[in-house]
Amino acid sequence: MTETTKPRAPFAPWDRRELPGLFAVEESARRVGNYKWAEMRLFEVLGGWVATIPELDVKLMLGRHTYHHAWHAELWHKRLPELREMNPDRLTVPPNDAFVTFMDAIREPEAPELTIEKLVGVYRVLIPRFIAVYTYHLNGTSTITDAPTIRSLKFALQDEFDDWRDGEMLLQSLIDTPEKVERAGRRQMDLERLYLVSGGIAGPGSLGEPVEEVRVS
Amino acid sequence: MKKMLPESELARDERFVRTNIEDRLFDPRGPKVAQRNTGPARMGVDRPAAGERSRSLMHGIFVGEIQALEGAGRTCYDFDDETAPFQLKLDMARQCWDESRHCEISVKLGDHMGAEIGEYTESTFLFAAACNPDPVLRLCGVNRALEGLAIDVFNSMKDFGNESGDPVLEFCEDWMLADEVTHVKMGSDWLRRLTATDPERRERALEFQRTVDAIFNLGGFRGEDDENPIQLARNFRRLAGFTDDENDSLAALARESTVQAREMAEAASAALHASAQGS
Amino acid sequence: MTTITVTPNPFTLVPYDVEEITALLEEAAALAGISSGVDISLTVDEELFAPLTGHMSDVVDGRVVLWISGGNFEDNKRPCHFSADQARVDLSVMMLRAKDRLSDDFAAAPPDAQLSRGERAAWDTYAVGRAGRLGLDMRRPRQLYDFRLQHGFTDVADAAFERCWEAEHVTWEGIREICKETGAADRGPSKVPVDLLRQK
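Residue numbers (our numbering), protein chains in the order written: chain B, 1 to 217; chain C, 1 to 279; chain V, 1 to 200.
One chain only, chain B, in its complex shape (with noise of 0.2 Å):
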């Protein structure tokens, strides 16, 4: 027989949750809602380049990713009201107009030969990044009053690593020539470059402290 009267702990002994966070509702809106946006321009992107691309495999892929991403803008668009926004279009914004140029950049390689510059892109810069700032977040936000966010945030990072990996493989399919080697690489510093200008995708401080503001020439 169960003894229904028994006290015991709201928090089973292996429940190590803390209060404590580093963000405030505030500052979780205003990152989920740049989270927004990035993957917004992510999944607009890599749908328009279904039509450009003549690798099959690729094509394919993409069309796979553009829902996820755009289930991840999703996620984000219903969680901004959870958190104070009731106006969700408010902070889906850029964290600034340095990553709008970075985003800008990641999209512009139209031409059906330049696959590789379109997966580098977002496969070797904009993914891992994103990978990066959800394992910041999920990390560091409050285990119990930001836990909704935490379950977003795991979704979307098991996506992320999912697609980073099949982008990754068919990269590394394409490259097949030292001068294929050399056009991934410049693709990738250029975009990087660009990037550290924005500071990341929730701008400067995107995985801890503001950095130092950098100027590339």
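The reader is advised that the hints may include incorrect statements.
Said to hold, decoys possible - Chain C stretches covered by chain B per the calculated footprint, using a threshold of three residues with CB under 8 Å from any CB of chain B:
1) 2-14
2) 57-70
3) 90-99
Stated by the list, open to error - Residues of chain B placed beyond 10 Å of chain C at every Cβ, according to the derived structure:
4) E18
5) L157
6) Q188
Unchecked claim - Derived PhoX-like pairs: lysine-lysine, alpha-carbon spacing no greater than 25 Å straight-line:
7) K108/C / K77/V
8) K78/B / K185/C
9) K200/V / K32/C
Note that these hints are calculated values from the structure, not bench results. As the structure is a prediction and not an experimental result, all values here were calculated from the model. C-beta atoms are modelled at their ideal positions from N, C-alpha and C, and glycine is treated no differently.
With chain B's structure known, arrange chains C and V on it following the hints.
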């Protein structure tokens, strides 16, 4: 990357060869064949060249799915946040994933039938419906006309799978059919929502859809008679949100298109005959 | 001395070349092992286009009488254009079946227009399998699908296909046995004449 990609710029690998409807329309053999009995147009194991006709159609479905994927993808990209609501883009992104799976399924079904990628030519007129600069018209062209055609095609293929005892074909077509019903519903819902206060825009969108539907009837390709290879799937169309009136008018349009095709064939045949006598 | 006749001569609707087709036919006859002295006549229906394909191989009074849809020779990637590779494959299969008909093994076989679809699919598989072993580029999955359409999508049908494909020697009786085994023989007669495309 620019907004609005013309169909001529759709990217393909070297296996794909593009053709246009004119190639077939001006083929001198067309009128001759139109006057002959080549068996029931409806798919069936008893009709002549059943295997080859199935492979050819399956390849057409495959390239059609690629274009549907590309069309949905472009709708995610071509419009800014004001012109196309966020939720509409989410629906289009979802459709990208669905169409991507349909491409994969079609490739596997092509393998199952013994077809090879690029074995047959590709006509990109389906994508043309996805080039309209007004998102409502585009949605009507793609999600109601093109995806409506997909409902008819998949239902016909499913019936063929059932009749031929092909469990793989029947299984796959049924799944794709479920997705297409969802896509048509999306189109119907967005048409209603985006034109709730603009009846003139709604009428323009429906007119565009009728134009695209007329093209998709393809001179008797779709209809409700034995001479139409693809049968109008009224029940599934109803599920997808088409009214009975809409289905009736589409059927009438299809009949008209079949008659026109027959008349064109007869006229061309008469012209050929006359020129042969003159020479 | 073998006489080869190709009709029409010349082609008027499609730019097919009689000399080229004649040469391919000679090549196919040699590949199939048709004895010299057997006359061959081939009628190409140039009105038909892909995918309205089909061909027939009969023997009439010791002569090989062939009929083929123009669609069989058509390059799928370039409508109206002749594909020598495609023609080589189909003519070889036709000649292998004609060779069967010239032997006692198929003496009892009715003309192609009277074969059931199941019988025809089994016989084609036997011919296509041999053509592949003679070095032609044959596509097994394609033939398997055509076989399954007439014999069913079952393990029994697939096993029968395998035997037809691999066989070096099958008789008309063997073809009929296969149809009984898969159940194709129990199917009612085709609602559509098997030579419908040939009828103008």
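Here's how the hints hold up against the structure:
A stretch counts as covered by a chain when three or more of its residues have a beta carbon under 8 Å from one of that chain; for the stretch 2-14 of chain C and chain B the count is 7, and the coverage holds. With 3 residues bearing a CB less than 8 Å from a CB of chain B, the stretch 57-70 of chain C meets the requirement of three and the coverage assertion stands. Coverage of the stretch 90-99 of chain C by chain B holds [criterion: at least 3 residues with CB-CB distance below 8 Å; count 7]. Non-interface call for E18/B relative to chain C: holds, since the shortest CB-CB distance, roughly 35 Å, exceeds 10 Å.
Look at L157/B: its CB is around 19 Å from the nearest CB on chain C, clear of 10 Å, so calling it non-interface holds up. Once the 10 Å rule is applied to beta carbons, Q188/B is consistent with being away from chain C; the minimum gap is 19 Å. Restraint check for K108/C and K77/V: satisfied, since their Cα atoms lie roughly 21 Å apart, inside the 25 Å limit. The straight-line distance between the Cα atoms of K78/B and K185/C is roughly 23 Å, inside the 25 Å bound, and the hint therefore holds.
Restraint check for K200/V and K32/C: the C-alpha separation of about 10 Å stays at or below 25 Å, so the hint holds.
When held up to the earlier numbered hints, the structure conflicts with none and fits them all.
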